[in-house]
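Visitor: Protein sequence lines correspond, in order, to chains A and B.
Sequential numbering of the first sequence, starting at 1, is according to our numbering.
Sequential numbering of the second sequence, starting at 1, is according to our numbering.
A portion of the hints provided could be inaccurate.
Capping the alpha-carbon separation at 20 angstroms, the derived lysine-lysine pairs in PhoX-like fashion look like this [said to hold, decoys possible]:
#	chain 1	residue 1	chain 2	residue 2
1	B	LYS125	B	LYS107
2	B	LYS295	A	LYS27
3	B	LYS33	B	LYS107
4	B	LYS107	B	LYS65
5	B	LYS295	A	LYS56
6	B	LYS145	B	LYS132
Ranges of calculated distance between the beta carbons of each label pair, as one might list FRET restraints [to be verified]:
#	chain 1	residue 1	chain 2	residue 2	range
7	A	ARG28	B	GLU128	49 to 57 angstroms
8	A	ARG28	B	ALA315	23 to 31 angstroms
9	B	ALA312	A	ALA20	29 to 37 angstroms
10	B	ASP336	A	ARG28	52 to 60 angstroms
Calculated directly from the structure, the hints in this document are not laboratory data.
The beta carbon of each residue, even a glycine, is placed where N, CA and C say it ideally should be.
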Amino acid sequence: MAEPAVPPDIAAMNFEDALAELEQIVKRLEAGSGKLNDAIAAYERGALLKRHCEAKLREAQTRVDKIVVGADGQPATEPASLD
Amino acid sequence: MMAGTPLSTPPGESPLRPNLPEYTVSELSAALKRSIEQGFAYVRVRGEVSGFKRHSSGHCYLALKDTEAVLDAVCWRGTAQRLALKPEDGMEVVCTGRLTTYPGRSKYQLVVETMELAGVGALLKLLEERRKRLAAEGLFAEERKKKLPFLPAVIGVVTSPTGAVIRDILHRLADRFPRRVLLWPVAVQGEGAAQQVAAAIEGFNRLAPGGAVPRPDLLIVARGGGSLEDLMAFNEEIVVRAAAASAIPLISAIGHETDTTLIDYASDRRAPTPTAAAEMAVPVRLDLLAELDAKAVRLAGALSRLLTERRARIAGLARGLPDPRSILDTARQRLDDRAERLLVGFRALLGVKRHRLDSAAERLGGAALPALLERARARLDDMAPRLRHAATRFLAHERHRLDACGGRLETYGQALRDTLARGFAVIRDASGAIIDTAAALAPGDALTIEFHDGTLAATVDGSPRRAAGKSKKPRPDQGSLL
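Same shape as in the complex, but just chain A:
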C-alpha cells in the first residue's frame, strides 16, 4: 500500500514546529478525550508529521562550500578544500 503523500501544509513546516504539533497530538490522544473520528484523524496527522520529521532528520549530510566573490562582486560557491 502506497503511503499517503505528506500534505503541503506539513511539507512546509520546519522540524521544530512539526515536532511541537506532534507532541500536542500525542498529549491530546493520551488525554483520551474527544471523538473517535477526531482521534483517528489526529493519529493520521501525527503519523504524517512523524514522517516529515524523519525526512528532515534524514537530510543530514555535510557539505562545505567556500564563498568566492567574483569580479562583478557577486558571491559564488566552490567546494572548500580544508586541510
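Add chain B to chain A, keeping to what the hints say.
Guide: Positioned in the frame of chain A, the structure of chain B alone reads:
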C-alpha cells in the same frame, strides 16, 4: 644642489669673518629635509592623538602630543584605510613611520605607517567607551536579539579558511547534525580584517532566498584565541554594526571563554568557543531521532488505548442491551400462548354454543313439540264436536228459513200462474231478462213469450206503437197487478 653635510660640519672660525657658506632658504630646507628623512626614516613614537581630522581626500591629519611637545602627523589615504584602529582624539597611541619636512611651511611631521593603542589599559578604556557609545545607540538592546533557528538547513561561517576554528566547527556539526556549511573566508586579524568580516556578514545577508548561493539561516562569526590586539577586528565598529544589522541570526565565537569582544554584545548569541557555537547551532540528531521514535510509540499507544477503551465501553454497553433473539423468543412465546388461548377459547365457545343448541334442540324435539301437537290436537278434538253441533244447528235453522221462504214462494207462483191463466204473458229477451218497455226492443230482436200453458219463441218485426201497443199487448209491468 650643495654637496656635503652642512649641519654636521659647522663653520666656526670667527663670527666676524663671514666665510660661512651662505644657503638659500631652499637649500637649507632641502638640507634639513634630507638630514631628517635620513636620520628618522623609521621611528616609533608614543603620544596622545589630538586634532584628528579626516580630509575628504582620504588623508588623515592629526597631532601627537605629550605634556611637553606636539608633533604633527599625517596618514595618507592608503595607509589610513588599513589602520588597525580608528584614531580618536585623546587616544594614547604608538605610531611607527618616518619623519619628513614640509619646506613650504617650515614644518616637520610624522608620516604614520601603523598605529596601535598604547598599552592594554588604554585599549580597554577605548573599548569600554566605544561599547557605551554603541549601547546608547541601542545596538545591543535585548529586544533586537533574534531567536536561533532550531534546525538550520544552511549555516554560514565567517572565519579564516585555515586554522583550527573552521575544522572544530565542522567536526562538531558532523557529530551533532551534519548540515550544509558555507564558509566565507576572511582574514581574522591584521589590516583589513574588520572590513572583510563586516563585508562577509553583509554579503551573507544580501543573498536572496532561493538564489544560486543558498541563503544561510544561521551565521557563525568565529575566531580562535589570541591577544587582545589579535582580537581587535571584532571590536571594530564596522563589524559590530554589521553584526547588529544582520537579518540572519548570528552567533559570535571569538577567542576563548574569557575573551569578550564588542561583536559579542551585538550578536544574537555569544558562544565561548567556536565548538560551542556549533553546539548552539544544531541539535543532536540522534537525540531528535530518539525523541521522535518515543513520540511515535506514544502516538500509536495512545490511539491503541483509545480504541481499546472505546471497545470496552461498547462491550459494556452491549451487555446492557437485551438480546434481540430473546426479545423475539419472548414475543414468539406470547404469540404461541395467545394462539393457544385463542383456539381453546374458540373451542370452549363452540362447546357452549353447541350445548345451548343441543339444549334448545332437546327442548324443541323432546318435550315442546309433542306437547304443542298434543295441545293442538286436543283443541282440534275439542273443536270437532262443537263444529258438528254448530253446523247441525245452522242447517236446521237455515232449513227452517228455507221452508218458510218456500211456502211464500209457492204462494207467489200460484198467483203468477193465475195471472197468466187470465191472459197475461211474460216477454223475455234472448238473455232471459224480462222486457217491460217497447223502447228496449228493436226490429229483429229474438224474444221468448211465456204463457201459462207454455213458452213460444218470437221475433220483433215492427217499430213500437205507443197507443196501439197499450191496447194490444199487456205491458210487462202489468205483473204488479198480481
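Visitor: Can you confirm whether the C-alpha distance between LYS145(B) and LYS132(B) stays at or below 20 angstroms?
Guide: holds (18 angstroms)
Visitor: Can the suggested window of 52 to 60 angstroms be confirmed for the beta-carbon pair ASP336(B) and ARG28(A)?
Guide: holds (55 angstroms)
Visitor: Starting from the range 49 to 57 angstroms, see whether the pair ARG28(A) and GLU128(B) falls in it by beta-carbon distance.
Guide: holds (53 angstroms)
Visitor: Quickly compare the C-alpha distance for LYS295(B) and LYS56(A) to 20 angstroms and report which way the hint goes.
Guide: holds (16 angstroms)
Visitor: Check whether the Cα positions of LYS295(B) and LYS27(A) lie no farther apart than 20 angstroms.
Guide: holds (10 angstroms)
Visitor: Is the hinted pair LYS107(B) and LYS65(B) satisfied, with a Cα-Cα distance of at most 20 angstroms?
Guide: holds (16 angstroms)
Visitor: Could you tell me whether the CB distance from ARG28(A) to ALA315(B) stays inside 23 to 31 angstroms?
Guide: holds (25 angstroms)
Visitor: Is it true that the CA of LYS125(B) sits at most 20 angstroms from the CA of LYS107(B)?
Guide: The given pair, whose Cα atoms are some 33 angstroms apart, is violated under the 20 angstroms limit.
Visitor: Within 29 to 37 angstroms: is that where the Cβ-Cβ distance between ALA312(B) and ALA20(A) falls?
Guide: About 32 angstroms separates the Cβ atoms of ALA312(B) and ALA20(A), which means 29 to 37 angstroms holds.
Visitor: For the pair supplied as a hint, LYS33(B) and LYS107(B), confirm whether the alpha-carbon distance does not exceed 20 angstroms.
Guide: Holds, because 10 angstroms separates the two Cα atoms, which is no more than 20 angstroms.
Figure legend: structure checked against the earlier numbered hints; the only hint not met is number 1.
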